[in-house]
Structure formats: C-alpha cells, structure tokens
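Required output: the full structure, derived from the provided sequences and hints.
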Amino acid sequence: MKRLKWLPLLLVVLLLCSVALTGCGGGTQESQYVFRSGYMREIESLNPMVIWSVQAYEVMYLTYNFLMSWDEDMNVIPELAREWEVDESGTLWTFSLQEGVTWHDGEPFTAEDVKFTFEYIRDNELGYFYDYVASMEEIEVIDDYTLTIKTDVPIAWMPQILVPILPAHIWSEIDPEDAEGEFANDNPIGTGPFKVVDHRKGEYTRLVVNEDYFKGRPALDEVIFMIYANTDLMVEALKQGELDIISDVPGAQFKALQDANDPNIITLEADSPSFTELAFNVWDDPDSLGNPHLLDKNVRMAIEYAIDRQELIDVALMGYGEVASTLVPPLFEYWHLDPGADFRSFDPDQAEAILEEAGYQRGGQELRVGPDGELMSYTLLIRSESPDNQKMASLIKDMLSGVGIGIEISVIDEGTLTDRIYEGDFDLFIWGWYVDVDPTSILKIATTDEIMSWSDCFYSNSAYDELHLQQQRTMDRAERRELIYEMQRIFYDDAAYIMLSYDPELQAYRTDRYTGWVRNPRTGPVMYTNVIDSYEQLRPIE
Amino acid sequence: MNMRGYLFQKIMQAGFTILIVIAMNFFLFRIMPGDPIRVLIRNPKISADALERVREQFGLNEGRLVQFWIYLRDLFTGDLGSSFNYRQPVIEVIMERVPATILLVGTATVLSIVLGVLLGVILAWKRGTRIDIIGLSTSLILYSMPTFWVAIIMVMIFAVYWQVFPLGGMGMPGVFYTSFWTELASKAHHLFLPTVTFALILVGEYVLIMRSSLLEVMREDYMLTARAKGVSNRDLLRKHALPNAMLPVVTLIAINLGFIVGGAIQIETVFSWPGLGRLMYTALTNRDYPVLQGLFLFVTIAVIAANFCADILYRYLDPRVKSLGGGGVMQSTAVKNERLALWKKNLSNFWSIYSQNTMGLIGLAILIFFTLMAIFGPLLVSITTMSIDGATQVMHPPTSGFWLGTDDLGKDILAGVIIGSRVSMLVGVAATAISMVIGTLIGIVSGFYGRGVDSLLMRITDVFLVIPWLPLMLVMAALLGPSLGNIIFVIGITSWAGTARIIRSQTLSIKERPYVERARAIGSGDSHIMFHHILPNVFPLIFANTVLVAAIAILSETTLSFLGMGDPTRVTWGVMLHFAFSMGAVSHGAWWWLLPPGICVVLVVLSFTFIGYALDEVLNPKLRRRDQ
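In the order they appear, the protein sequences are chains P and U. Numbered per our numbering, the first sequence finishes at 790, counting up by one with no gaps. Numbered per our numbering, the second sequence finishes at 649, counting up by one with no gaps.
Quick caveat, the hints were computed from the structure, so don't treat them as lab data. Among the clues, some could well be false.
What the hints assert, rightly or not - With a cut-off of at most 30 Å between alpha-carbon atoms, the simulated BS3-like pairs for lysine-lysine come out as follows:
{"#": "1", "chain 1": "P", "residue 1": "639", "chain 2": "U", "residue 2": "432"}
{"#": "2", "chain 1": "P", "residue 1": "398", "chain 2": "P", "residue 2": "363"}
{"#": "3", "chain 1": "U", "residue 1": "147", "chain 2": "U", "residue 2": "260"}
{"#": "4", "chain 1": "P", "residue 1": "545", "chain 2": "P", "residue 2": "639"}
{"#": "5", "chain 1": "P", "residue 1": "645", "chain 2": "U", "residue 2": "432"}
{"#": "6", "chain 1": "P", "residue 1": "463", "chain 2": "P", "residue 2": "363"}
As the structure is a prediction and not an experimental result, all values here were calculated from the model.
Here is the structure:
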C-alpha cells in the first residue's frame with residue numbers, strides 16, 4: 249500500500265494550485281469603468297409589462313425613458329418631453345418632445361412612439377401602467393415632436409405619466425397577449441442611458457452604456473446587477489470591493505457596517521416612501537371572518553395607545569425607522585399631514601381607560617371580556633418572509649397583554665396572507681406599502697371601491713371616498729393639498745391601520761472607485777428611487 | 022430470467038414509478054391553500070376581463086380533472102407550462118440552469134468517489150489500526166454534518182477570513198480575460214470552494230461503503246485461495262478484491278442522486294451558484310408553482326433514470342444478480358434479515374457485546390447527554406439579553422457571563438442552544454415516530470396480505486425510495502406553510518419507505534412460522550395476527566431502524582428550518598442557524614453564533630450514527646474482530 253502515500257501530497261498540491269490561481273488576477277482586465285450593484289431578488293423579466301419587483305424596475309428605468317422625471321425636490325421636470333402645457337379646461341395637454349433622440353437600434357424617436365405606447369397599453373389594459381393611460385380619450389400627433397392628449401376629466405397628477413415609452417417599430421409587432429405573457433424582451437430597445445447585453449437569470453444582468461444617450465453619455469461603461477443568494481455574502485462582497493453598492497440592507501448588517509467605520513464605505517440611512525402598518529379587519533359584513541370586536545373603533549384606538557412604536561423601532565428595527573402616523577410618509581413633505589396633538593402616542597393607562605369605558609372588563613382574569621361576553625383574544629398574522637415583522641409581533645404581543653388583550657401570532661407566507669386578506673379571514677396583520685410620488689394611489693387603497701382589489705383592511709367611509717374623487721380633479725396644488733390633508737385626518741381618526749413606522753432605505757456604497765452620487769429626493773436613497781441620476785452622473789476617481 | 026425480460030421488467034417498473042410521480046406532482050400542487058391567480062396577478066388593479074384572460078391562459082378556470090388531463094396532454098408534448106415569475110416556458114427556464122448544476126454536481130461526485138474509494142481501501146487494509154479509527158470517525162462525522170452548515174463554515178474561513186476564494190457565483194461578469202487559460206483559471210477558482218464542500222459531504226459515505234465492502238470481499242473464500250496461491254498483497258487487492266468491492270459503490274452513486282440533489286439546493290443557496298437548486302429555492306419563495314412542478318418532475322425522473330441505469334449496469338457487472346429486486350435495496354434487506362436472526366440469538370448477551378464497542382458507548386453517552394439537556398435544560402435557563410450600561414450588546418463575543426456570546430438581538434446564545442435542544446429533539450422524535458408507524462403498517466400489511474396489495478404498496482414504497490427527499494419536503498412544507506407541525510408531518514411522511522421494505526421482508530418470513538398457522542387455525546382474525554403475533558417479532562427490527570431514521574429526521578429539520586421552512590417563532594437549532602446566516606453572522610465573523618447550534622446537530626446525528634454503526638457490528642458477528 250505504499251503507492252497511496254502520494255495521496256495526501258496530491259491533495260496538498262491541488263489545494264496550493266487553486267490558491268495560486270488567486271494570484272492569476274494579473275491576467276484579467278476590467279473593461280474601462282464597470283459599476284456593480286448587488287441585490288438579492290432575481291430580476292423576473294425585462295418585459296416592462298410583466299415586471300413588479302424594484303430590481304426589475306431599476307433595469308427598466310435604465311433602459312427606457314418616461315416623458316418626465318423629478319428633480320431632488322420632487323418637482324416634475326422634462327425628460328423625453330421637453331415641455332408641456334394644459335388648456336383652461338384642464339383636459340387637453342400638449343407635449344413637445346426632445347428632438348434627435350434615437351432608440352438603441354438607431355431608429356429615430358418620434359411622437360408616434362408616444363402615441364403608440366399609450367394606446368397600446370390603454371387598448372389592451374396592460375400591466376401596472378394601465379391606470380396612467382386609462383383616462384386618455386384621444387391622443388393626436390401634431391408633428392414628429394408634438395402631440396396632444398385629451399383626458400375625459402381633469403387629472404390632478406398629470407403630467408406624471410409613469411409609463412416607459414416603447415418603440416412603435418418593435419412593439420407593434422408584438423401580440424398584446426404575448427406582451428403580458430411569454431414575450432421575454434431579452435434585448436430591450438429603449439432610449440435610456442444603458443442597454444442590456446447579457447441577462448442571465450439567477451446570475452447577473454449586464455448593461456453597457458448607450459453612446460448616443462440624449463442627455464449625454466454617462467461616464468460609466470457598464471452597469472452590472474449581480475445576484476447574491478444571501479445578504480451576508482453580499483455585504484461581504486461590498487467590503488471586499490467586489491461590489492460598488494448594496495441596497496435593502498437588513499438592520500443588523502447595516503449597523504455592523506456602520507460600526508466597522510470603513511473609510512471607503514458610506515452607510516446611508518435614506519428616507520424612503522415606505523411604511524409598515526398593523527392593519528385591522530374592519531369589514532362589517534356577514535362574510536367577514538374577522539373578530540367583531542375590531543369593528544369597534546374604541547378597541548382599535550386602545551390598541552394603538554397600548555403600542556410603544558419607538559420601542560418597536562429600537563428593538564425590532566435596530567433603531568432604523570421613524571414613528572409613523574398618517575398614510576403619506578413625511579418624505580413627501582408637501583403632502584404629509586402631521587396629526588400633532590391628535591396623535592395617539594404610547595399611553596397604556598389611556599388604553600385601559602378607553603376599554604373600561606367601552607365595556608371591555610377585566611373581571612379578574614388575565615384577558616378582558618367584551619360586551620358580547622367573548623374574550624379579547626385575536627390572531628396576528630405575520631409574513632414568514634420578514635424577520636423584522638416577526639420581532640415586532642412578539643413585542644406587540646407583550647405590550648397588549650399588559651392591557652388585557654391576548655394576541656396569538658401566526659406566521660404564514662406572503663401568498664397565503666394575501667389569500668386570507670382577500671377572503672376577509674384575519675383579525676390583524678403586519679405588512680407595508682411603498683408609496684408613489686403622487687399621493688393619490690396610496691390614498692386610493694382605503695377607498696370603498698378598492699375592497700376586493702387594493703384595499704387590505706376593508707375600510708369604507710363615504711366622506712373619504714368623496715374627497716378622493718375631488719382631489720383627483722382639483723388642479724390647484726394648494727387647494728388639493730387641503731383635501732389630501734383632510735383624507736389623512738379622517739383615515740387616521742378611524743384607526744383602521746395603526747401606522748407603526750416609516751421605514752428608511754438602508755444602502756451602503758463604496759466611495760473609492762466612483763464619485764458623484766445623487767440622492768433623489770434630497771433625503772432619499774442614491775439608487776432604487778424613481779430616477780437614475782446617480783447612474784448618469786457617477787464619475788470614476790482617477 | 023434473460024436479459025431482455027429483465028430489461029422489460031425494469032422499464033415497466035421505472036415507467037410505473039414515473040406515472041405515480043406525475044400524478045403526485047399534479048395533485049400535490051393542487052392541495053395548496055389559496056388561489057395561484059393572486060401570485061400571477063400582482064396588480065390588483067387588473068380588470069375582470071383581463072383576470073379571466075389570465076385564468077384561461079393558465080387553465081385555472083377548469084375543473085381539477087380537466088386540468089389534470091390538460092396537464093398530461095401538455096406533458097407528453099414536452100410542454101411544462103409557463104413560469105408565473107419569469108413568464109417564460111418552464112422547460113426553457115429549467116434548461117438554462119442545467120449546465121451550472123451538472124458542472125458542480127459532476128465535479129464534486131467524481132472527486133468524492135475517487136477520494137472515497139481510495140480512502141476506503143486504505144482504511145479497510147489498515148483495519149483496526151489508528152489510521153482506521155481516525156478515518157472511520159472522520160467519515161462518520163462528515164456524514165453527519167448538515168450540508169449548508171459546512172458550506173457556511175467553508176465560506177467563512179476561505180472567502181471571508183482568508184479571502185483566498187471568491188464569495189460565490191460562477192464568475193465575475195464584466196471582466197475580460199487576456200487568454201483562454203486565465204478565463205479557465207478564474208472559472209476553476211470560483212468552482213473550487215463549492216466543489217470541495219460538496220465532495221466533503223459526499224465522501225464520508227463512499228469511504229464507509231468502500232471500507233465495509235472490501236472487508237466483506239476479503240473474507241471470501243476465493244481471497245483465501247488466492248492468498249494460498251501466493252498472490253502478492255498488491256495483486257490480491259487490485260485484481261481480486263477491488264473489482265468485486267467496487268460493486269456497491271455503483272449502486273450507491275445512483276441511490277445517492279436524491280441526496281445529491283438535496284445537497285445541491287443547499288450548496289447553491291450558500292454559494293449563490295446559478296443552478297437548479299437555486300432555481301428551486303427562488304421558485305419556492307416566489308410561489309412559482311409551474312417551475313416547482315417542472316423542476317420536481319425533472320429531478321425525480323433524472324433520479325429514476327439513474328437508478329434504472331445503475332440496475333442495468335449492476336447486472337452487467339455482477340452476473341450473480343438475477344433476483345427480481347436486483348438492486349441494492351433488496352440486497353441490503355436480505356443482509357439485514359440475516360443479521361436480525363443472529364441478533365436474536367445474541368439478544369441475551371446483547372449488552373455485554375454492545376458495551377465492548379467504544380463507538381457505541383460514545384454514541385450512547387452523547388445521546389443521553391442531549392436527551393437530559395432537552396428534558397431538563399429549558400427548566401434551568403431562560404434566554405436573557407445582555408446589556409452594558411443600558412445598551413443592548415448585539416453579536417457580542419463570548420464573555421464570562423455569556424459563555425457563547427449574543428445574537429443580533431443581544432440574546433444569550435448558550436440559553437438558545439439549550440432551549441432549542443428540546444424542540445429540535447422533539448421534532449426528531451415525533452417525525453421518527455410517524456415514519457415508523459407508517460413504515461411498519463405498510464410493511465406488515467404488505468407482507469401479510471401479499472399479492473395485489475403487496476405489489477401495489479411496494480410500488481408506492483419504491484416511489485418514495487427514489488424520490489429526492491429534500492425537494493419533496495421543501496415543496497410540501499412550502500405548500501402547507503411554515504410550522505413545526507408541518508415539518509414533523511413532512512419529514513415523517515417522506516422517510517418511511519426504507520422501514521416498510523425491511524418490515525415487509527421480515528413479515529414474509531414470520532407469517533410462514535408455525536405459530537402463525539396455529540393462530541389462524543384457532544380462528545384469529547387478520548388484525549389480531551398482525552398486531553399480536555407479527556408485530557412483536559418485527560419489533561427489534563423497528564428499533565434498529567429507528568436509529569437511522571432519527572438521524573435523518575434531525576438533519577432534515579435543521580435543513581428545512583435553515584431554508585426558511587421552519588416556524589420562526591420557535592427556537593430550534595435549525596431556526597437559530599437560519600437567523601445567524603440571514604442576520605449577518607458570517608460577515609460579522611460571529612463564529613460563536615454559527616458554530617454551537619451546528620455542532621449540537623452534528624453531535625446528535627453522530628450519536629445516532631455511532632449507535633447504528635455499533636448495532637451493526639453487534640448484530641453482524643461476521644464483522645466482529647477475531648480477537649473478540
């Protein structure tokens with residue numbers, strides 16, 4: 249058996265060889281300026297009509313342009329549309345388009361493309377974008393670079409049409425069924441600053457610069473989105489310089505990065521348009537499977553008083569968050585309403601007083617008994633996808649038991665939770681929303697019409713519904729703001745949601761390779777926002 | 022039976038198994054709660070018309086049987102449907118990922134077989150020496166480790182601490198290589214760590230099988246004859262022993278394929294490797310049922326095909342195999358039966374033999390330790406939070422008060438490990454119990470009634486034997502939702518097949534015994550005979566098998582919890598590891614959080630393996646050393 253003595257030797261040699269391969273880095277070359285962004289969720293598709301994740305949207309923003317964009321103060325600014333005006337009726341819009349813009353394949357961009365895009369989406373009711381074009385009655389091309397759009401009623405959020413402009417010469421060939429079906433769009437042709445050259449699902453998506461970009465060629469040569477199967481290794485890749493930015497960093501890793509104090513890494517706790525809420529089932533209907541106690545506003549208010557939001561944020565979110573109150577996050581400074589003195593801040597005594605008053609008695613037991621003789625005991629549904637929400641739930645359970653309310657926590661996946669919400673089969677759950685730049689859509693989720701659609705708490709209030717219609721048609725910004733304030737006030741007052749926290753977007757990026765990061769809005773993140781300023785303006789550090 | 026008849030029969034069997042898998046695959050995905058349309062349409066704004074259109078497009082508005090018919094029809098035309106998530110044909114989505122997985126699994130398998138055979142030969146040759154003992158225990162330890170855990174440790178050491186290997190992925194996009202060789206070097210560099218990790222996991226079993234196979238062969242008469250003829254040691258090994266001893270390895274490769282698939286899911290998840298395992302994990306989290314369904318079918322058929330090939334190859338390599346069952350499963354059953362008979366003879370002095378086995382004693386000691394910990398531990402400790410000057414100390418290294426440091430919430434890890442032991446062990450025990458009950462029932466009924474009942478039940482058992490268990494468990498756990506009860510159920514329901522096989526063959530021989538005849542003669546009913554006469558006699562066998570299933574159950578719980586299928590509100594070792602990995606223990610270098618729960622799992626699994634191994638040596642006197 250002497251012959252086998254070489255075996256350990258062989259192993260050592262093999263190992264050494266592989267380690268030596270690290271030294272082979274000298275044989276590789278970076279293409280000029282490659283920017284790498286790490287993320288966790290796979291980009292599901294390059295076809296704008298079927299995408300839904302933030303990551304897929306980011307690629308869409310880089311490849312396609314909209315008619316307009318926003319500056320750092322969230323004012324609407326020109327993009328593919330150079331300027332626009334609206335007539336006195338508030339329904340006829342005239343857009344003048346940029347001249348000399350070409351598609352990635354060299355074809356010229358004209359008003360026909362815009363008309364085609366809006367009509368294609370309107371007539372076939374495609375994707376998320378349908379809402380933005382649904383009220384366009386007539387679209388008319390005046391000349392190559394001018395078009396008019398007539399809407400059925402005045403629309404307050406115009407001209408913020410969040411629709412990527414598609415090339416007519418390509419999409420007119422695509423069967424609308426396919427557009428929402430199996431059309432992969434693997435080589436998206438847009439007008440954006442970057443074009444996709446290599447899309448490997450589960451691995452990476454590689455984009456190269458559009459030399460003819462109409463706003464000027466960006467300094468970056470390539471942008472690569474790299475998928476990591478787990479956050480921890482993604483964080484490590486940033487530290488080792490494999491990545492230039494990571495976003496959506498969990499609190500624990502973010503804090504560790506902050507504490508590490510690497511001079512080349514900036515940790516950014518940016519305001520974001522998202523919040524986390526505790527929603528009640530307020531569906532007053534025989535079909536509702538929710539606990540009837542929760543239809544009583546007193547109970548909902550008492551629960552709100554009994555919850556210490558700051559404690560939730562400090563413990564479950566590692567301090568990254570802001571105590572929340574109304575539906576429109578303070579990031580949207582202009583629209584956000586601060587309830588001020590009406591705010592129900594942590595006050596367990598007040599909670600107990602309200603419950604006593606409303607006939608929920610302690611009767612010497614641990615849990616209170618309602619006027620109907622039933623125990624105050626409810627099920628709180630939590631998403632298995634969110635460890636943060638799970639931590640929040642166990643804290644809330646402790647807080648509520650202090651005032652005599654029992655909580656049973658049940659962890660289920662997002663899909664199941666969605667199903668149960670639609671069936672009205674829940675008492676409470678914790679989830680969150682991501683809010684559009686214009687407040688109309690987030691306010692819409694609480695309207696009666698949205699029950700069985702966007703609404704997840706079955707809230708219904710006719711005064712609120714009326715205000716929502718009214719604000720959509722009020723073209724005067726200040727006047728509209730009053731209406732939006734009033735809506736936030738009503739919804740807060742009825743306490744169908746307990747807004748728990750306004751959540752920050754936690755990003756970390758390296759500063760030793762590129763400079764010129766742009767936060768948009770001013771207190772917002774540098775990437776994964778509605779605009780792509782950073783990609784356009786990053787410059788390499790020589 | 023001639024070769025053609027044998028082939029025909031094997032093809033029929035494989036075909037039947039595939040049919041059951043196809044049916045199971047369909048109906049499994051229809052028991053899920055809720056409406057897949059909600060996943061499809063992430064846009065609640067969609068109009069009723071459009072909703073109807075999508076329903077029609079995915080065939081969701083038909084009745085179940087009609088859907089099944091459409092599914093079968095499409096399947097035979099190679100149409101696996103359209104992915105909910107990617108909106109692409111499932112078959113394309115799957116095929117895109119096949120090369121990455123084949124590269125990883127192929128390299129790792131070859132590496133582990135080569136190493137396993139070599140080491141197995143060395144250990145067998147050096148039997149009883151220190152090398153043998155070290156090699157044997159190392160193999161058993163490797164065999165007992167959760168795959169994902171080893172992967173994390175490897176990443177932590179080589180990619181994070183020493184930084185000699187990349188953190189994951191197959192390559193660095195956006196880099197140009199100056200030559201083919203530098204590109205190859207970069208690819209190899211990325212492949213190295215996942216492959217070695219995978220090979221480490223696999224090698225233990227090959228070493229063990231090779232070792233014991235060679236030991237058995239060396240006791241054969243022809244070896245003695247050869248030795249008597251003066252054949253040199255080298256030739257004896259190379260020409261006479263090795264070719265025969267290699268046979269079980271062939272079977273093991275095929276049987277192992279299901280295990281390899283499970284390993285690939287874990288390795289690919291930790292190393293961000295863009296293969297089928299990652300695809301499965303992504304599909305699970307996105308509730309992309311068509312992809313899951315397609316993957317499950319694809320993987321299962323691959324495993325069945327591999328088993329089929331192994332059967333044929335085995336018969337070709339070893340013309341002695343002429344029996345119906347042919348493959349390794351039947352053989353090992355026969356061997357076990359023989360061992361059982363011997364065990365019964367030795368039962369009286371069982372303990373005196375067992376107590377001479379060091380491994381068995383160590384295993385027993387570890388098991389008793391953890392059992393006591395699970396029973397009494399949670400009564401003695403409570404999870405406290407470490408805070409200094411009012412500030413919570415998160416991920417703090419071990420101190421005198423907190424021996425194993427703290428986690429991301431500043432909670433005591435030692436207390437977590439102790440409290441977690443109870444649920445982890447409980448899951449193991451409960452799942453094993455379910456598995457044993459099902460296995461025993463099916464085994465006894467099948468063996469007792471014989472004929473149609475028997476062949477039907479045994480075909481179903483075969484299906485469960487070949488189906489890759491981790492994907493099945495993952496799919497079921499995902500469909501049922503994350504909870505402790507579901508995990509127990511899923512593990513129990515998928516791991517009974519081996520037990521059923523063994524119990525069945527034992528029942529077959531017991532029911533021919535005179536006392537069964539007598540019982541029947543005095544008018545005892547079937548159930549009376551089964552439960553009063555047969556059950557007590559197969560009981561020792563059940564006990565011996567429990568040890569093996571318990572080890573699998575504990576490992577499974579850890580793996581499922583790690584992959585996010587556990588109940589996050591309950592502390593178990595698997596859930597602790599899940600949080601450690603997702604909450605930054607690796608990048609933080611918090612070894613005190615990653616190591617202890619993993620080590621506990623390894624020790625418990627190892628204790629079962631040691632006990633099982635010792636039982637084997639006790640039960641099979643042929644294996645006993647001559648000096649005993």
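Results for each hint:
no., hint, in the structure
1, P:639 <-> U:432, "13 Å, holds"
2, P:398 <-> P:363, "12 Å, holds"
3, U:147 <-> U:260, "19 Å, holds"
4, P:545 <-> P:639, "26 Å, holds"
5, P:645 <-> U:432, "18 Å, holds"
6, P:463 <-> P:363, "22 Å, holds"
Going down the numbered hints, you'll see the structure goes against none, and every one checks out.
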